[in-house]
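Protein chains in written order, with my numbering: chain L, 1 to 190; chain G, 1 to 190.
Just to be clear, a hint being listed does not mean it is correct.
Which copy is meant is left open, so a pair is good if it fits within one copy or across any two.
No farther apart than 27 angstroms at their CA atoms in a straight line, the calculated lysine-lysine pairs in the DSS-like style are these [what the hints assert, rightly or not]:
#1 K100 x K2
#2 K100 x K81
#3 K140 x K81
#4 K118 x K188
#5 K118 x K21
#6 K82 x K13
#7 K2 x K81
#8 K140 x K36
#9 K118 x K2
#10 K82 x K21
#11 K5 x K188
If you are wondering where the hints come from, they were derived from the structure by calculation, not from laboratory data.
Number of protein chains: 2
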Amino acid sequence: MKSLKERILRDGKCFPGGILKVDSFINHQMDPILMKSIAVEFVRRFASEPINKIITVEASGIAPAIMVGYLLELPVVFAKKKRPSTMENMLSTTVFSFTKNRSYEICVSRDYLGPGDKVLFIDDFLANGNAAKGILDLAKQAGAEVAGMGFIIEKAFQHGGEELRNMGIHVESLAVIESLDNCEIRFKQQ
Amino acid sequence: MKSLKERILRDGKCFPGGILKVDSFINHQMDPILMKSIAVEFVRRFASEPINKIITVEASGIAPAIMVGYLLELPVVFAKKKRPSTMENMLSTTVFSFTKNRSYEICVSRDYLGPGDKVLFIDDFLANGNAAKGILDLAKQAGAEVAGMGFIIEKAFQHGGEELRNMGIHVESLAVIESLDNCEIRFKQQ
C-alpha cells in the first residue's frame, strides 16, 4: 500500500533495537482518513474469504478493525487485556510481549466468539506474532475459525509473519519492513 | 437518540448495583453501523463548537472517537492507561474508577495535545465523570481547551454529568439513564 509506506517514511520514527514509532498517525494519535484507506485495502485483500466477524485486541487494533467492520457491515469484537469484573463466560489465553518483556492475559466472552464464526483478525503490528497466536488459541477454544489476519505493519525480521504463513494462515500486511538496521526503514519489495 | 435507546432496551443487560452491560454492541462486541450513527449525532450536537482534534481514552472510547474523527476529518488521540516504555514528553494524571475500585494513570504525549488545541472528548460512558476530569487535567497541563464532551450513555444518577455541566462544559450524552433501580432501565425524558 503505497500511501501507507510513504506516510511511514515521512512520519515514522526509528529507534535502536528495531523499534519503529508510528505514534503520530497510527497508535496514539490516529489519522482516521488513513485508517479508512487501510480498511478498504484489507477488504480488497480478504475479498475471497468468507468472514462473519472482525476480531482485534485492545487498544491500537480497534480503529482499523472498526473501519473494516463498518465497510463490511460486520460486528467487531475486541479481546480485552484485563479480565473485566463484570464479564462471565470468558475464554482467556496468555500472550508474551517481547516489546514489554512481560506476559499478559487476553480474553474474550464466549457470547461473542463461538462455533461457526469465521473471523478476520486485524491489528496494527505484526512482529513476533504472539498476539496473533493468542487469538488463534482463543478461536480454537471457542470452536471458531480464523479466516485471515491483516496487519497494518509487519516487521518481517521478527518472523511472526513467516510462522503464521507456515501454519497455512492467510496473512496480509500492508507495509512489510525488512529491516530497521542503522535506524533506516527498508521495506520488503512486494 | 431514539435508535440507541431502543438498542439499549433491547440488548442492554442490567445488574444489581447500577450496572448496565452493553457488551454486545458497544464495549466488547461493537456494532460499527450504530457507531457511525452515534458519530453523526455527535457531529450534529457539537456543530457550533470549534474543534481541531478528537480525544478519547482507551479502549472503549476509540471506536466512537475514530468515527467522529473520520466524519470531521480530524485527528484522534487516545490517552493511554499505561505509560508506554517508548513514549517521551508525557503528560499524566490519576483517575479513580468506582466500577473497578482502584486508581489508574492516563497519559498523553505533549506532541499530540498542546496549546491552541480545541478538543472534543468522546467516551462510551459518563458515570462519576472521573475519566472526563482526568482529560480536563491533561488538557490544562497541555494548555489545550476542551470544547465539548460527548458520551454514548450517561448514568445521571451517578452525577458526573451534573458536575461537568456546572463547570460550564458543553456535555452531550446520547442516552441519559435516570435510574437502573430494580434492574429496570429508565431513561431521562429529554
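Hints and how they fare:
1. K100 x K2: Neither. Shortest intra-copy (30 angstroms) and inter-copy (44 angstroms) distances fail the 27 angstroms Cα cut-off.
2. K100 x K81: Answer is both: 14 angstroms inside a copy and 15 angstroms across each meet the 27 angstroms cutoff.
3. K140 x K81: The answer is within: 18 angstroms in one copy meets 27 angstroms, while 29 angstroms across copies does not.
4. K118 x K188: neither (30 angstroms within a copy, 40 angstroms between copies)
5. K118 x K21: between (32 angstroms within a copy, 25 angstroms between copies)
6. K82 x K13: between (29 angstroms within a copy, 21 angstroms between copies)
7. K2 x K81: Result: close neither inside a copy nor across copies, 32 angstroms intra and 32 angstroms inter.
8. K140 x K36: neither (30 angstroms within a copy, 31 angstroms between copies)
9. K118 x K2: neither (29 angstroms within a copy, 32 angstroms between copies)
10. K82 x K21: both (24 angstroms within a copy, 17 angstroms between copies)
11. K5 x K188: within (11 angstroms within a copy, 49 angstroms between copies)
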